[in-house]
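Q: So the sequence lines, in the order shown, correspond to chains A and B.
Residue numbers for the first sequence follow this note's numbering, beginning at 1 and rising by one.
Residue numbers for the second sequence follow this note's numbering, beginning at 1001 and rising by one.
There's no promise every hint is true.
Claimed, not checked - Rough simulated footprint, nothing fancy, chain B against chain A, three-plus residues with beta-carbon under 8 Å:
no., stretch
1, 160 to 172
2, 182 to 196
Unchecked claim - Partner residues are not named here, just some residues of chain A that face chain B (Cβ under 8 Å, in silico):
no., residue
3, D176
4, T177
5, A179
Everything labelled a hint here was simulated from the structure, so no lab data went into it.
All C-beta atoms in this analysis are idealised placements derived from N, C-alpha and C, irrespective of residue type, glycine included.
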Amino acid sequence: MSEFLQHLLNTLVLGGTYALLGIGLTLIFGIMNVVNFTHGILYTFGAYIMFIVVQKLELNFFLALPVAVISGWLLGALVELTLLRPFRGSDIDTTMLVMIGAWIAMQSATLWVWGGVAKSVPTPFPEAPLVLGPVSVSWLRLFVLAAAALLIVLTYVLINRTRLGCAMRATFQDHDTAALMGVNVDLVYTSTFAVGSSLAAAAGALLGPVYVVYPQMGDLAAVKAFAIVILGGLGNITGAVIGGFILALAEELGAGYVSSGYRDAMGFLIIIAVLIFRPTGLFPRAERVG
Amino acid sequence: MLEVRDMVCGYGGVTALHGISLEVKAGQLVALIGANGAGKSTTLRAISGLVPLRAGSIRFHGQDIGGVRPPRILAAGLAHCPEGRRVFPHMSVEENLDMGAYLRSDRSEVAADRDRIYSEFPRLAERRKQAAGTLSGGEQQMLAIGRALMSRPRLVMFDEPSLGLAPNIVERTFAIIRRIRDSGTTVLLVEQNAFAALDMCDYAFLLESGRIVLSGSGAELIANEHVRKAYLGG
Chain A
1 MSEFLQHLLN TLVLGGTYAL LGIGLTLIFG IMNVVNFTHG ILYTFGAYIM
51 FIVVQKLELN FFLALPVAVI SGWLLGALVE LTLLRPFRGS DIDTTMLVMI
101 GAWIAMQSAT LWVWGGVAKS VPTPFPEAPL VLGPVSVSWL RLFVLAAAAL
151 LIVLTYVLIN RTRLGCAMRA TFQDHDTAAL MGVNVDLVYT STFAVGSSLA
201 AAAGALLGPV YVVYPQMGDL AAVKAFAIVI LGGLGNITGA VIGGFILALA
251 EELGAGYVSS GYRDAMGFLI IIAVLIFRPT GLFPRAERVG
Chain B
1001 MLEVRDMVCG YGGVTALHGI SLEVKAGQLV ALIGANGAGK STTLRAISGL
1051 VPLRAGSIRF HGQDIGGVRP PRILAAGLAH CPEGRRVFPH MSVEENLDMG
1101 AYLRSDRSEV AADRDRIYSE FPRLAERRKQ AAGTLSGGEQ QMLAIGRALM
1151 SRPRLVMFDE PSLGLAPNIV ERTFAIIRRI RDSGTTVLLV EQNAFAALDM
1201 CDYAFLLESG RIVLSGSGAE LIANEHVRKA YLGG
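Let the sequences and hints guide you as you build the complete structure.
A: In structure tokens:
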């Protein structure tokens, strides 16, 4: 029983960052109809920003997180302006190829700049875990959960309570009519890509210190993000949050009760199962309009 | 107020408009009639900046708005109520109306305008928190009209407002459009229902295969032999 409780606790911690990854990807697909292959790179990028700020610049760990989020936002905006804006109106296959090219180029750049050796990020948290009766959790992981929860709430507020969020939702539902209402659709696209990228960077910045930081860390994260988005329904933000926690639970239970080697296979199993039995995802959003 | 000169537009290799010219004077209700595929919607979409111009010019209030992006055209006072209503289906009635006022920053005035629209269309007031996609066709049309007025336009373009509506709702929609003109807002109306449009307009243009072939007052066009045969059923 205590083992099961421990798995549930781990699920919460892992699920929060998975949800961030999923929201970022589903937002970009839902609003822009772009399959973002650079999502995993942004995750890696966020983790390296963490490493640079904490280890190289020796600045505060808690300062490093917003720096990583803002850096991800800027890199996302740059990718959108230079690689996606010129292809506006092209079909989804064209932008997909462009994004695959960007993924390969950016991953090689990561390897070139930081080398292939895994790095670890020092944290200010005590080594001894917090023990709560039968279960225990490290302070770092608790912080990861709290930060992920805060970012998820902020994203909801952004989308449902702000003027930009209103413009994003309108653009998602009908981009031509949104333009007729005075929405600068180009700006919405750039902002959406930047926000989605910053969430991926945030997920990397949070999980980087938990594990280690290396150039290919984003590949698996990207596959997991796609699994979450396919599970939650393309373009559905709440679906991505729930999908993130379901994937985390599947990984925890798979690793705990089957074999730890199966942890990373869970994402693929979910993709296969969803595509066979429920191709629209668990929470399909009404079809795209316009 | 609105002056279109020799406008050429197309999609890919197809030219939809072969150099059309038309004028809408302040305070008028001007109708643009023609058959399906004649280029009526393309004309409106080009004026509001959704379709790029290949040649020609568009002037609105002395300002050149050819090739300008849609938000700036709306900001200049030219609103477009698109074909098929196009309400935001997953947004509430109230959010849809607020989207119409997206460019305005005078919040209290926006709220007052919204209340005016609610008093004009009580059905919308009853359903203000409901998702727009769940409204009936007629209610959606009222919402689309209300939304277009929320920007306080000087000229509003309606694209096929009667399409797919029950006859009594069509009647009501035309009455609302007349009232908009009477309240001082200039109207450019695209309609397939040629008789209704000619009957209520101050001036009309007939579009055939991307060319303006005839223009005149509504009464003149109703009396025209060709119009009678092709559009008014003899």
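Q: If a hint holds in the structure, say so; if it does not, say that too.
A: Evaluation of the provided hints:
1. 160 to 172: holds (count 5)
2. 182 to 196: holds (count 3)
3. D176: 6 Å, holds
4. T177: With a closest approach of 4 Å, the T177/A hint holds.
5. A179: 4 Å, holds
Going through the hint list in order, the structure satisfies each hint without exception.
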